[in-house]
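Student: Each chain is listed here by its residues.
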Amino acid sequence: MIDTSCSIAGVAFKNPIVMASGTFGFGKEYGALYDINKLGGLSGKGLTLHLKAGNDGIRVAETASGMLNSVGLENPGVAAFLQEECPRWESLDLARIANLGGNTIEEYVEGARLIDEDAAWRAQAGRQAVDMIELNISCPNVKAGGMAYGINTEIAREVVRQVRGATTLPLVVKLSPNAEDIVGMAVMCQEEGADGVSLINTFSAMKIDIYKRRSMFDNLYAGLSGPAIKPIALRMVHQVCRAVTFPVMGMGGISSTEDIIEFIMAGATVIQVGTHNFVQMRAGEQLVAGLEAFMEQEGISSLDEIRGIL
Amino acid sequence: MATVIANQQVAQGVFKLEAEGQFTGKMGQFYMLRAGERYPLLSRPISIFNISGSRIEFLILEAGEGTAILSALKPGDPLELEGPFGNGFTLPKGKTAFIGGGIGIAPFYYALKEVPEADVYLGFSRESYMVEEFEQAAMGQVTVDVGGVILDQVDFHAYDTIVACGPHPMLHAVQRKQAESGTQAKVYVSLENRMACAIGACLVCSVKCQDGRKKACTDGPVFPAEEVVFQ
Numbered sequence: 008m009i010d011t012s013c014s015i016a017g018v019a020f021k022n023p024i025v026m027a028s029g030t031f032g033f034g035k036e037y038g039a040l041y042d043i044n045k046l047g048g049l050s051g052k053g054l055t056l057h058l059k060a061g062n063d064g065i066r067v068a069e070t071a072s073g074m075l076n077s078v079g080l081e082n083p084g085v086a087a088f089l090q091e092e093c094p095r096w097e098s099l100d101l102a103r104i105a106n107l108g109g110n111t112i113e114e115y116v117e118g119a120r121l122i123d124e125d126a127a128w129r130a131q132a133g134r135q136a137v138d139m140i141e142l143n144i145s146c147p148n149v150k151a152g153g154m155a156y157g158i159n160t161e162i163a164r165e166v167v168r169q170v171r172g173a174t175t176l177p178l179v180v181k182l183s184p185n186a187e188d189i190v191g192m193a194v195m196c197q198e199e200g201a202d203g204v205s206l207i208n209t210f211s212a213m214k215i216d217i218y219k220r221r222s223m224f225d226n227l228y229a230g231l232s233g234p235a236i237k238p239i240a241l242r243m244v245h246q247v248c249r250a251v252t253f254p255v256m257g258m259g260g261i262s263s264t265e266d267i268i269e270f271i272m273a274g275a276t277v278i279q280v281g282t283h284n285f286v287q288m289r290a291g292e293q294l295v296a297g298l299e300a301f302m303e304q305e306g307i308s309s310l311d312e313i314r315g316i317l
Numbered sequence: 531m532a533t534v535i536a537n538q539q540v541a542q543g544v545f546k547l548e549a550e551g552q553f554t555g556k557m558g559q560f561y562m563l564r565a566g567e568r569y570p571l572l573s574r575p576i577s578i579f580n581i582s583g584s585r586i587e588f589l590i591l592e593a594g595e596g597t598a599i600l601s602a603l604k605p606g607d608p609l610e611l612e613g614p615f616g617n618g619f620t621l622p623k624g625k626t627a628f629i630g631g632g633i634g635i636a637p638f639y640y641a642l643k644e645v646p647e648a649d650v651y652l653g654f655s656r657e658s659y660m661v662e663e664f665e666q667a668a669m670g671q672v673t674v675d676v677g678g679v680i681l682d683q684v685d686f687h688a689y690d691t692i693v694a695c696g697p698h699p700m701l702h703a704v705q706r707k708q709a710e711s712g713t714q715a716k717v718y719v720s721l722e723n724r725m726a727c728a729i730g731a732c733l734v735c736s737v738k739c740q741d742g743r744k745k746a747c748t749d750g751p752v753f754p755a756e757e758v759v760f761q
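Heads up: the sequence lines are chains A and B, in that order.
In our numbering, each residue's number is its place in the first sequence (first place is 1) plus 7.
In our numbering, each residue's number is its place in the second sequence (first place is 1) plus 530.
Warning: the hint list may mix true and false statements.
[Stated by the list, open to error] Only some residues are given here: those of chain B computed to face chain A with a beta carbon under 8 Å:
#, residue
1, Leu-572
2, Ala-598
3, Lys-623
4, Ala-688
5, Ala-726
6, Ile-729
[To be verified] Some chain A residues judged to face chain B by a derived CB distance under 10 Å, without partners named:
#, residue
7, Glu-36
8, Ile-158
9, Ile-162
I should point out that these hints are in silico values taken from the structure, not numbers from a laboratory.
Remember, predicted model here, so these are calculated numbers, not experimental data.
Glycine included, C-beta positions come from ideal geometry on N, C-alpha and C.
Please model the entire structure based on the sequences and the hints provided.
Tutor: Structure representation (structure tokens):
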């Protein structure tokens with residue numbers, strides 16, 4: 008009997024496969040392609056307190072084994088999410104994670120407070136739509152704030168502390184590989200009472216249109232994701248897992264069952280899949296089936312047997 | 531998964547790719563094409579050029595590495611197709627003009643199956659292609675321009691519906707001509723934005739419109755010309 012289940016701060020994941028923020032919308036589009044309740048969880052499109060139109064100009068470019076994106080956190084805002092997406096989220100049978108970004112500490116705190124208040128209101132009626140908040144201090148595409156909070160541990164501490172104070176929902180903090188000290192950042196999150204960290208977000212990167220002699224992206228830099236970043240992501244997840252005692256969500260270029268196993272062996276409790284959703288539209292259900300087949304074949308009955316073994 | 535049955539060069543850097551299989555699609559819709567499991571990472575959005583019986587055809591312009599791989603496919607090669615995606619053209623009312631610029635001619639060949647009486651305007655920068663095929667399929671006028679401005683040949687007052695597909699500068703010019711001419715015609719543009727997911731989840735194909743952001747892949751690729759804010 009194979010057991011793929013895991014849990015983070017009391018939130019149950021039927022398997023460790025979670026779809027990453029920004030690549031999966033709010034689950035509706037992929038939900039029309041396959042049964043997303045097979046997944047361990049999904050992290051919704053990054054939210055900000057107010058609606059955000061995102062960046063102008065080209066938003067995507069392929070690179071060697073990866074892609075650059077410059078979406079710029081286009082999203083409907085927290086209130087619209089709670090009103091329009093959460094009724095559907097209530098009926099989903101997987102871990103539902105609201106990803107929250109912001110430009111100022113006040114925006115982060117107000118966003119978290121609204122999600123928390125909504126959760127309390129639904130709980131009174133015995134309903135639930137959001138199981139966990141993933142605090143995004145690492146989006147590299149927002150000029151004001153965004154990555155600024157994800158770079159320096161002491162600046163990030165204030166955001167994490169205040170958001171922690173604004174919600175009783177399980178809270179994980181999504182870390183940027185652009186941080187000065189990603190291990191110190193993760194340790195800080197644990198000190199401030201977060202329930203875990205997820206890493207890594209995209210690398211700040213660049214592409215130049217040599218004929219137009221300008222950056223391909225209006226926002227100058229863009230975020231690099233995909234298989235190109237996987238070995239670095241794995242190393243960072245491994246380093247962080249050795250330094251903290253709370254759960255880690257590992258991600259960065261995961262595109263196969265073998266990749267998932269590597270991140271679990273490095274110590275991740277669950278993993279997230281982003282760019283690979285664009286390579287194979289049904290990546291989620293394929294990876295769930297692939298993981299079960301691998302465990303059976305290798306005689307692994309629980310992921311605990313291999314988690315953090317090196 | 532489909533199999534390539536032919537891939538014929540029709541002009542410098544332009545190929546007609548045919549694959550076997552049962553495929554469906556409305557005029558103006560597109561498929562996501564990929565020929566390798568891992569590389570390139572992203573599938574490429576390509577308009578339906580034709581579907582007949584158990585074959586589907588695409589016109590491929592070799593614009594970068596991804597389309598170069600599609601251009602180099604040989605009969606017997608596997609081709610992964612997802613689709614059809616996008617809103618496609620709504621059935622035009624009254625006298626209709628189709629305006630294609632370069633590889634933007636592709637969706638109109640398929641559209642002629644439903645609207646054979648439409649007039650067709652084909653503009654090319656250096657070399658024309660598929661003109662004979664269009665002439666055979668069209669019952670209306672086929673006007674071709676190489677190296678000039680195809681829009682100059684179109685009288686916007688002569689039509690009830692005008693649909694254009696081509697590079698952004700051409701579509702921007704269509705929008706300006708609509709405004710300047712004061713035509714009563716309904717004018718549509720079909721955008722060729724970069725895409726990743728093709729189903730409306732990733733927002734990389736976002737289109738700036740008068741009433742906010744829209745998605746080229748699911749809200750489009752066909753939009754009323756006056757709605758789009760060209761940059």
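Student: Now, for every hint given, state plainly whether the structure supports it.
Tutor: These are the hints, each one checked on the structure:
At its closest, the beta carbon of Leu-572/B sits 5 Å from a beta carbon of chain A; the interface hint therefore holds under the 8 Å criterion. The interface hint given for Ala-598/B is violated, since its Cβ lies 12 Å from the closest Cβ of chain A, which is over the 8 Å cut-off. At about 31 Å, the closest approach between the beta carbon of Lys-623/B and any beta carbon in chain A exceeds 8 Å, and the interface hint on this residue is violated. Hint status for Ala-688/B: violated, given a least beta-carbon distance of 35 Å to chain A, over 8 Å.
For Ala-726/B, the interface hint holds, since its Cβ comes within 8 Å of a Cβ in chain A; the closest pair sits about 4 Å apart. Given the 8 Å rule on beta carbons, the hint for Ile-729/B holds: about 4 Å separates it from the nearest Cβ of chain A. The closest approach between the C-beta of Glu-36/A and any C-beta of chain B is roughly 4 Å, which is under the 10 Å cut-off, so the hint is satisfied. Taking 10 Å as the C-beta contact cut-off toward chain B, the hint placing Ile-158/A at the interface is violated, the least distance being around 25 Å.
Using the Cβ-Cβ criterion of 10 Å, the hint placing Ile-162/A at the interface with chain B is not satisfied: the shortest such distance is roughly 28 Å.
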